[in-house]
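Q: Given next are the chains, with one letter for each unit.
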Amino acid sequence: MNKVQDDLRREAARLLESGDAAMVIAWEEGSDAARTAPAFAVSPAEAAGLVWNPFCVPNLVKYLLDYRYEDTKIAVAVKGCDERAVNRLVQDRQFPRERIVVLGLPCGGMLDRGKTLAALGPRARLNGVEDRGEAFVLVSDQGEVTLPKEEYLLEKCLTCVRNAPARADVTLGPGVSNPARPGCDPFAPVRELEALSPAEKSAYWDGQFSRCLRCYACRNVCPACNCKECSFEQAVPGWQQGAGWISKNTSLAENYTFHLIRMFDVAGRCIDCGECERVCPVGIPLSKLYRKVLKDAAELFAVPTPGLTAAEIPVLGSYSPEDKEEFM
Amino acid sequence: MPAMVLLKEQLKVFLDRYAQRDALVAPVSEEGAVAYRRVKSAEEVTVDFDLPTLPPKAHFLPQTEELYRYAYGEGGMELNPPPPAAQTLLFGARPCDVRGITALDFVFAGRFGDAYWSDKREKTTIAGLSCRRVLPGCFCRAYGYGPTSGEGADLMLTNLGDRYVVEFLTAKGEAVLNAHRDLFGPAGAGDLEEKENRTANLARQFYREVDLRGVREKMDGLFASPYWERLARKCIGCGICTYLCPTCHCFDIVDEPAGPGGGRRLRCWDSCMFADFTLHTSGHNPRPGKKERVRNRFMHKLKYHYDRYGLDGCVGCGRCVAMCPANIDITRVIADVKEVG
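In order, the protein sequences belong to chains A and B.
Taking the working numbering, the leading residue of the first sequence gets 1, the next gets one more, and so forth.
Taking the working numbering, the leading residue of the second sequence gets 1, the next gets one more, and so forth.
Read the hints as simulated data drawn from the structure, not as lab findings.
Hints may be right or wrong, so weigh each one.
Straight-line distance between alpha carbons at most 30 Å, and here's what the computed BS3-like set of lysine-lysine pairs gives [as the list claims (entries may be wrong)]: (1) B/K40 / A/K73; (2) B/K290 / A/K201; (3) A/K73 / B/K290; (4) B/K40 / A/K228; (5) A/K228 / B/K291.
Stretch-level coverage of chain B by chain A, calculated; a stretch enters the list once three of its residues show a Cβ under 8 Å from a Cβ in chain A [as the list claims (entries may be wrong)]: (6) 31–39; (7) 53–64; (8) 227–234; (9) 250–261; (10) 274–288.
Predicted model only: the values in this text are computed from it and were never measured.
Glycine included, C-beta positions come from ideal geometry on N, C-alpha and C.
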């Protein structure tokens, strides 16, 4: 992976130097060894600080929207799962594909931060990483540890659909094997919930949503939530406040309203990147909510994970005479 | 007042007395997220946590607080404030969070008294609880206190494994001892020595050296620095850093009409990271972009709060360091501020 990191830095520097991109969005070293931070390189010197390792978890594609009213090209580092976000923004007409330089990174999976820190020690500084297929070998100033993927990867990586972008403008590094485990069912947690009675389901989500802080991190990180202005924070005068979609009041009812409206808004467009669940500060299992919608769409309309291909029309934005009509 | 010892098995008895007689607000684990809730029994309380996900500030400044109900009656408009607060024991506040409450006292009980804050503050006894260990994000030491400091609490418990050394630091704290003398035994020299060892041991665990010298002074000249724009690129504009912060206290007031005859006026947390924060009726926003919002947050934490109240607006709890989805790290900002122009 160290060589791919060198390639990433070199390519970023080249793009910035030649003017082929005005900015390269990738990752840089984070606060600890098992973490990276988004990086926004605008000069070749800044490109030298970019990193590629199994902690490049954040999906960076949505940052493009901060530059949607400019006319420059922007390069963005994209893993297999992140590519679905590129297609999401393009299909939703939020960002033109021709302004994006997709730096594709074949990905052997991302490591769970907590588990890795426990193995690595919280004081370690990362010196190098090797992807050995079945395991990552991490070399730090404290020594070397081998982390079997089966045990240390993020859950989402064990059900990875495609681990390298299909339409990258530049692919960095050689292909690596997909870390998905055969037999891993992405919908297993959804099936468990579906088996509950309505009262049990309700109690389950009451427990989850009651601690929602409505910090909106899930919405803000979501590539499918790309409206310029959100209906949840439209400024309305006091006498109209009852007419808003949602109150600032963080009651259980309002929290439900927020999550369920958002769920319906991204139905058929959620790309299953899992970022909402990653950022939630109070650990609400949001992927169970969104995977339920993915599962329904897959069962009703036989569509794959949204964003997998460039040309598709979101399933709920299209009509086919063959569509099921269970309730009409 | 001399320190006392409370055996671990007596803690439940102690907490249950408050839960049943008055009100007990204590740490509760909700699928791994730890928050302070009003509980009915000590069974619900957890002491098995490091830094709680949420600080206990919400006990004094709830995320949504009813200020009053309003109704149009025959005699005009009627305003009904909520009932006064109950006598409460806030148990298990970490030293950083107690310091956060002290910092907010200047805001809500200073020059402008806030009746809602003060009512709960006066009726609440704060029982601090020492930290089990130092986390990678912790930097309370930079602010001159540490994981066993009792400053600001009414009583302070230091965890010694099978027992707690308890110090009673205020008149409210002494009242606790007087009401529950049967549960406490005298602390011996060995207990106190163990507490000192524990303090020294924790002080050696810090991961970060954070040096605040010169930062506040430097911030004065940095308002127009391009640094804020670079930093703000990472920000996703969510409310995590502000909502988890023990000293952030911005709020918005909204009315929730309930039919034509009246409704409720609510005070709700707001966040300077939100796009509609300080949005004027005219459509103008003095903080129109991420740059201005991120700058505002760090200026407030590292300068404005101190300028106004003589006490820092950051307590070094490290929650924002640990939880920011984009890894914006205030300790890095502190280091950067010294370097950038």
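Q: All hints, please: hold or fail.
A: To see whether the hints hold, each was checked on the structure:
This hinted pair does not check out: B/K40 and A/K73 have alpha carbons roughly 59 Å apart, beyond 30 Å. Between B/K290 and A/K201, the direct Cα distance comes to roughly 39 Å. Violation of the 30 Å bound is thereby established for this hinted pair. Distance hint between A/K73 and B/K290 is fulfilled; the C-alpha atoms sit about 21 Å from each other, no more than 30 Å. Restraint check: the Cα-Cα separation between B/K40 and A/K228 comes to about 45 Å, which exceeds 30 Å; the hinted pair is violated.
Only pairs whose Cα atoms come within 30 Å are accepted, and A/K228 paired with B/K291 is accepted, the gap being roughly 18 Å. Requiring three or more residues with a Cβ within less than 8 Å of a Cβ of chain A, the coverage given for the region 31–39 of chain B holds, as 4 such residues are present. As drawn, the region 53–64 of chain B meets chain A at 4 residues by the rule of a beta-carbon pair under 8 Å; at three or more, the given contact holds. Under a criterion of three residues with beta carbons nearer than 8 Å to beta carbons of chain A, the stated coverage of the region 227–234 of chain B is upheld, 3 such residues being counted.
Closer than 8 Å: that is the beta-carbon criterion, and the region 250–261 of chain B has 5 residues meeting it against chain A, so the requirement of 3 holds. Proximity of the region 274–288 of chain B to chain A, defined as three or more residues with a beta carbon under 8 Å from a beta carbon of that chain, is established by the 5 residues found.
Hint check: violations occur at hints 1, 2 and 4; the rest are consistent with the structure.
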